[in-house]
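Number of protein chains: 2
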Amino acid sequence: MSDIAEKFERINPAPAYLQVAAAIEKEITSGRLRPGEPLGTEAALVKQFGVNRSTVREGIRMLEQAGLVQRDSSRRLTIGFPHYERLASRMTRALVLHEVTFRELWEAALVLDLGAVEQAALRATPETLAELDANIARTEAAAGDWTAVVELDTQWHGLVFKAAGNRVLQLAREPAGLLNLPATELILERVTAALPRLIDAHHRITDAIRKRDPAEARLWMKRHLHDWRRGFERIGKDLDRPIDQVYLQSTAANERRR
Amino acid sequence: MSDIAEKFERINPAPAYLQVAAAIEKEITSGRLRPGEPLGTEAALVKQFGVNRSTVREGIRMLEQAGLVQRDSSRRLTIGFPHYERLASRMTRALVLHEVTFRELWEAALVLDLGAVEQAALRATPETLAELDANIARTEAAAGDWTAVVELDTQWHGLVFKAAGNRVLQLAREPAGLLNLPATELILERVTAALPRLIDAHHRITDAIRKRDPAEARLWMKRHLHDWRRGFERIGKDLDRPIDQVYLQSTAANERRR
DNA sequence: ACCAATTTGTCCGTATGTATG
DNA sequence: TCATACATACGGACAAATTGG
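The listed protein sequences correspond, in order, to chains Y and L. In case it helps, the working numbering puts the first sequence at residues 28 to 285. In case it helps, the working numbering puts the second sequence at residues 28 to 285.
Any given hint might turn out to be false.
Since the list gives no way to pick one copy over another, a pair counts as held whenever it fits inside one copy or between any two copies.
[Said to hold, decoys possible] Quick list of in silico lysine-lysine cross-link-like pairs, DSS-like style, CA-CA up to 30 Å:
hint, residue 1, residue 2
1, LYS264, LYS238
2, LYS249, LYS53
3, LYS249, LYS189
4, LYS53, LYS74
5, LYS74, LYS249
6, LYS238, LYS249
7, LYS53, LYS264
8, LYS74, LYS264
9, LYS238, LYS74
10, LYS264, LYS249
11, LYS238, LYS53
12, LYS74, LYS189
13, LYS238, LYS189
For the record, the hints were derived by calculation from the structure and aren't laboratory data.
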């Protein structure tokens with residue numbers, strides 16, 4: 028240790044690429060740059076920040092990954108609007124890596140779906156009700172095509188959250204929604220009573236929402252979810268097993284431009 | 028259009044940096060690379076992938092942003108464990124950009140906290156109960172230091188979710204938890220009755236959890252949250268206003284090594 | 001506590017493919 | 001069709017920080 032008085036704090040400059048990312052992020056979150064607007068070319072950013080191309084690009088990659096900037100069809104940079112699906116896939120990945128169990132997923136779905144359906148009963152509009160009805164009709168028509176049924180079922184639950192008009196709940200639901208994917212398909216395949224019961228439940232819940240009866244809607248949603256759980260156990264699965272990596276599809280690979 | 032028979036599909040290679048990111052991500056999510064393990068130096072990756080170092084670095088930045096790889100104290104790359112706080116800040120940012128209202132946040136918190144406290148009542152261990160008690164004691168001692176009280180209150184609600192033993196709910200709560208930050212401080216400052224009521228509620232809920240009485244726990248949690256809402260309205264705030272950017276702290280800037 | 005080797009952060013210059021007008 | 005602008009990718013370079021003897 029030196030004898031010189033220690034008057035100054037340590038200067039710890041963030042790496043340039045982080046400063047670039049932070050600066051751009053701040054412009055976006057502060058609202059000075061609005062979604063859809065062009066960010067400018069890499070060369071322009073190089074000029075503004077006075078750093079090298081490579082440095083700018085590293086910073087851009089981070090923002091790109093976060094969804095704050097996107098590249099349009101011509102690879103030009105535009106300000107993006109981080110949407111839920113993007114976050115959802117990350118949440119899903121985190122949950123799988125943390126080896127969350129089916130029970131945790133189911134219990135969370137119970138809490139969220141019951142809450143959402145209550146609010147939906149208070150707040151549903153004719154439009155959202157029509158969407159719910161249409162979905163059920165399509166589900167009835169899809170009998171036999173289990174993959175399609177599962178797809179529609181997931182969509183129906185999503186519509187309930189949409190009817191609830193709460194985007195925070197909607198975001199919270201995403202990971203719990205993945206409950207429905209492969210396991211549900213298995214259940215429908217193997218348990219004959221599953222599909223009619225599912226359709227009946229969707230009908231009753233939708234009607235309860237239409238009647239603005241939160242208690243009734245809640246009750247039937249509860250039965251519906253317990254039905255799923257019974258089906259899950261019926262096909263010989265263990266609720267306390269971690270969800271598998273089957274649920275994971277590479278996210279980085281999906282970032283390709285379309 | 029040419030007359031040559033079109034036998035081949037278009038080859039659309041993903042950019043090299045994405046392939047790098049995807050390849051490493053796959054190794055991690057498949058479990059072949061486990062959290063904490065070193066990923067190897069940039070030079071090593073350059074060799075393995077046969078691409079330029081800049082390219083590797085761009086790929087790394089994406090994984091770094093996603094939390095799948097980290098840099099340790101010496102900036103070497105190690106496999107990371109995407110933790111919830113990281114996702115939470117991302118979710119928060121998305122919600123602010125989407126101009127979510129206080130009402131949505133409050134209603135989501137209602138659904139989540141009520142669900143969590145019920146499960147906590149079924150499942151709390153002596154350890155988590157002790158943590159809840161300790162938190163309340165500290166809250167009582169902190170009276171007057173509103174910032175500290177808010178911090179402890181947020182922590183207490185987090186403990187309820189921890190007691191519920193459901194990581195999906197825990198993750199879902201994060202954005203709703205930010206409800207408590209600046210607004211709560213204002214409420215405590217201006218509404219004299221707020222702190223004693225908060226402490227009383229925390230006591231009663233904790234006791235209900237201890238008694239394994241989900242209904243009682245739920246009831247008091249409901250009152251507790253309605254109290255917050257009354258306080259919010261009392262200080263003249265509008266529930267239907269979007270949450271502000273005050274809630275946003277730059278995430279990129281927080282990525283600095285500590 | 002010093003030195004040598006390694007590794008990261010940053011930069012420069014250049015070549016190539018592709019989208020747009 | 002052609003020219004231009006731009007993103008992608010490469011190779012090489014050097015300073016600063018870190019590690020390990």
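Checklist entry - Checking LYS249 and LYS53: alpha-carbon separation at most 30 Å within a copy, between copies, both or neither? => result Neither, since 44 Å and 37 Å both go past 30 Å.
Item to check | Identical-chain pair category, LYS74 with LYS249, by Cα at 30 Å | outcome: neither (59 Å within a copy, 55 Å between copies)
Item to check | Intra- versus inter-copy proximity for LYS249 and LYS264 (alpha-carbon distance at most 30 Å) | outcome: within (20 Å within a copy, 35 Å between copies)
Next on the checklist: Checking an output row: LYS238 and LYS53, CA cutoff 30 Å. Within, between, both or neither?
Outcome noted: neither (46 Å within a copy, 48 Å between copies)
Next on the checklist: As a check of your reading, is LYS53 near LYS74 (CA-CA no more than 30 Å) within one copy, between copies, both or neither?
Outcome noted: Classified as within: same-chain Cα gap 19 Å, cross-chain 36 Å, threshold 30 Å.
Next on the checklist: Within a copy, between copies, both or neither: which one fits LYS74 and LYS189 at a CA-CA cutoff of 30 Å?
Outcome noted: The answer is neither: 44 Å in one copy and 49 Å across copies each exceed 30 Å.
Item to check | Alpha-carbon proximity context of LYS249 and LYS189, limit 30 Å | outcome: both (19 Å within a copy, 24 Å between copies)
Next on the checklist: Treating 30 Å as the Cα threshold, decide for LYS264 and LYS238: within, between, both or neither.
Outcome noted: Neither: 37 Å inside a copy, 32 Å across copies.
Checklist entry - How do LYS238 and LYS249 come out at 30 Å by Cα distance, when the copy is not named: within, between, both, or neither? => result Answer is both: 18 Å inside a copy and 25 Å across each meet the 30 Å cutoff.
Item to check | Within, between, both or neither, where LYS238 and LYS74 count as close if Cα-Cα is 30 Å or less | outcome: For LYS238 and LYS74, neither the intra-copy (61 Å) nor the inter-copy (65 Å) Cα distance is at most 30 Å.
Item to check | 30 Å Cα threshold - placement of LYS264 relative to LYS74 | outcome: neither (59 Å within a copy, 44 Å between copies)
Next on the checklist: When Cα atoms must be at most 30 Å apart, do LYS53 and LYS264 count as within-copy, between-copy, both, or neither?
Outcome noted: Between copies only: 26 Å across, 47 Å inside.
Against the hints set out earlier in the document, violations occur for numbers 1, 2, 5, 8, 9, 11, 12.
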